[in-house]
Amino acid sequence: MSSVPLSDSENHALEQRVGQYLKKPRRNLSLIRIRESFFFFLLIGCGLFSLLVTVSIVFVLFSETLEFFSADEVTLSNFIGSARWNPLLGETKSFGIWGLISGTLLVTGIAMSLALPLGLITAIYLSEYAPRKVRDVLKPILEILAGIPTVVYGFFALMTITPFLQWLHDGFSVYNAMSAGIAVGILCFPTVCSLAEDALRAVPQALRDGAFGLGGTKFDATIKVIVPAALSGIVSAFLLAIARAIGETMIVALAAGSRPQATIDPREQIQTMTGFMVQMSGGDVSNFGTEYYSMYAVAFTLFLITLTLTMIGNLVRRKFRESYE
Amino acid sequence: MSDSASNDTLTSQESPSPAERATLVGGRRRMSTDRWFQRLCIATAAASVMVLVFLLASILVEGIPALTSTLVLGTPEPNPDEAGMWPAITGTLWVCSLCALISLPLGIGTAVLLEEFKPRSKFALRAYQLIQLNISNLAGVPSVVYGILGLTAFVSMFSLFDQVREPGAAAYEIGATYYDQFSNLASDPFLSMGSEEVAERYFFVPVNARTDAPTIPKPGMQALEYVDNVLVPVEVTVTDPFDAPAEPEALSYAIDINAVPGRISEKNWYYFRLPFGRGVLAGALTLMLVILPVVIISAQEALRAVPSSLRDGALGIGATPWQVVWNVTLPASIPGIMTGSILAMSRAIGETAPILIIAGIVYIRNSPHHLMDSYTVMPLQIYNWTSRPQEEFHQIAAGGIILLLAILMTFNAVAVLIRHRMHKQQV
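Top to bottom, those sequences are chains A and B.
At the far end of the first sequence sits residue 325, using the numbering used here, and the numbering has no gaps.
At the far end of the second sequence sits residue 427, using the numbering used here, and the numbering has no gaps.
Simulated from the structure, these hints should not be mistaken for lab results.
Keep in mind that a hint or two might mislead.
Chain B regions said to be covered by chain A (calculated; three or more residues, Cβ under 8 angstroms) [to be verified]:
hint, segment
1, 149-155
2, 289-301
3, 357-366
4, 385-395
Quick caveat: nothing in here was measured; it's all calculated off a predicted structure.
Glycine is no exception: its CB is placed at the ideal position from the N, C-alpha and C atoms.
The task is simple: from the sequences and hints, build the whole structure.
Spelled out as structure tokens, the structure:
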């Protein structure tokens, strides 16, 4: 087959076409590089946003709390040294945070004396004793309990628990700490239960087998081996539940009442830190008075308490975890 | 034979040492302790089931009679028989879908950063640890504190725009048209119309800004009127009430020359203002802060569940890190991410405290129409009804709770279904 010599123009066109393919980069690398770094920086922006949230919480609470303390009628010694919280009455104003903290502690105490032992026992049952079928029923029920909005628990406390308590004993007022405490306890129960169960299940099977091999009953194995081995996880679950109970708002706003007082009588109405914040935002208080800024001081106190508990909880879980590798 | 042999060994130890006897005696006690503890466990677990049954039953008994179409489609009237929660349902829809639009990309993005772009330097490692610690701490912050943050950061925007301290005033806004509203002479209560019936009419005169001085009625003034919900120009006569025209047709188009108008505003769907005020956007952003840690943590878990062989394979055939994320890791972890996101959204739907802090208890009769519109949400409406003393309101609150729980159960059921299907595929 004799090759026909190409004309100059044809030759030129062919060279150009081949050259095009040779010169053309298979992919535009710089574009890819730009895209890569664009998305990377976008993701970094997302990550930094969560830091920004924390920074702005601290900034907002701190600056508005400073505003609160700069008012003439407020002194730091009154704030941290008094149990009389009386921000609204003109002449006898007093900003003693212990009046609110005591209410929070009372409700939290009642809630935790219910939720912690019962939650731990149920967690032990689920992880060590329960047959598979019982687990399959109980776990979804706990998940449902955990998913119910807190305002529903508030309704339950006010409409069901309080009348029941009043039926048991005449001394309970319509709003009382006991009712709110029981409801908060029910709310925290699934949290304690599922976190503690996770900790118990993370204990390796070999430890159980060892305990059984030494002749221990399930109870012996649980109390003497498994619970101590999972103790860091259980303690952290307890701390997180306490933090949750302290920050709980809607139940105490509905059922605990609105009179701040330092009492240990669970039949009395009290006010918690969160309850006070709800009262301030729901009421018709002007947006610039000292009582308005007192809301930020209370929020700052609440934030510090829960942050400390959460941090200790996370620390305990990470530092004191027994590892069996 | 072996049985008898072991019997022999047992019988041969006829006199065990005191220590051995102690354990044997204790053995029976330990067995009974174990049995008692098991009974205690079963009793506790049964009690938790009882609590749930009791809770649901008490709400159902009270709420079922209140579950009517009025409750779903009505507006929150002062009379409990006519009250409904339609504005609250649409408000929940607005706030939560907006919240999902903002928080899901942000949360999943953070999770992708933490899980897929592992740090290469010591400084980056520290930064990652800080972000991770920060997220677990944010998850423990009470939602009411986020409400306080939202109140300052979104509702009043750190008071940066506080030149105007009137409530509802905006320093900067687009999408709003202001009108001065005049009523015709027929609605003047001091002017006798005789026996003639004159229809009430309202006329609107556009003004440039909210702060303009009120329009003074002048003869020959241009005015607009609503005809079938559309503003059309009409001719009005401006007269002194004492020389008002006698015939009703002319009277219905007459405006008092001394009339003082009311300032109203017409807001478009794209109405936007700074600061956000107590509007839908502020509520959605605040809820976003509440559920962001939940979204991040669940998305991280979903991404961690993707086998690393998939990533290695994609990297091996020359994919860039973002291509791995976009084409391999994200599609593989979508079911897990969706489960977590749905659960986070059901938390947002039920969240009351932050919304209560930023929106307050207000009386809302209309569904929101734009991002800055005032709103109420279902749990807030339930709280509002529960906190009233009258028994009838408690019943409709229980009805509202049934609606809310039905929505949440649907969400949870979808999440469980997705999780179930995912497990099946993996097996």
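Violating hint indices (sorted, rising): Checked against the structure, no hint fails, so every one of them is satisfied.
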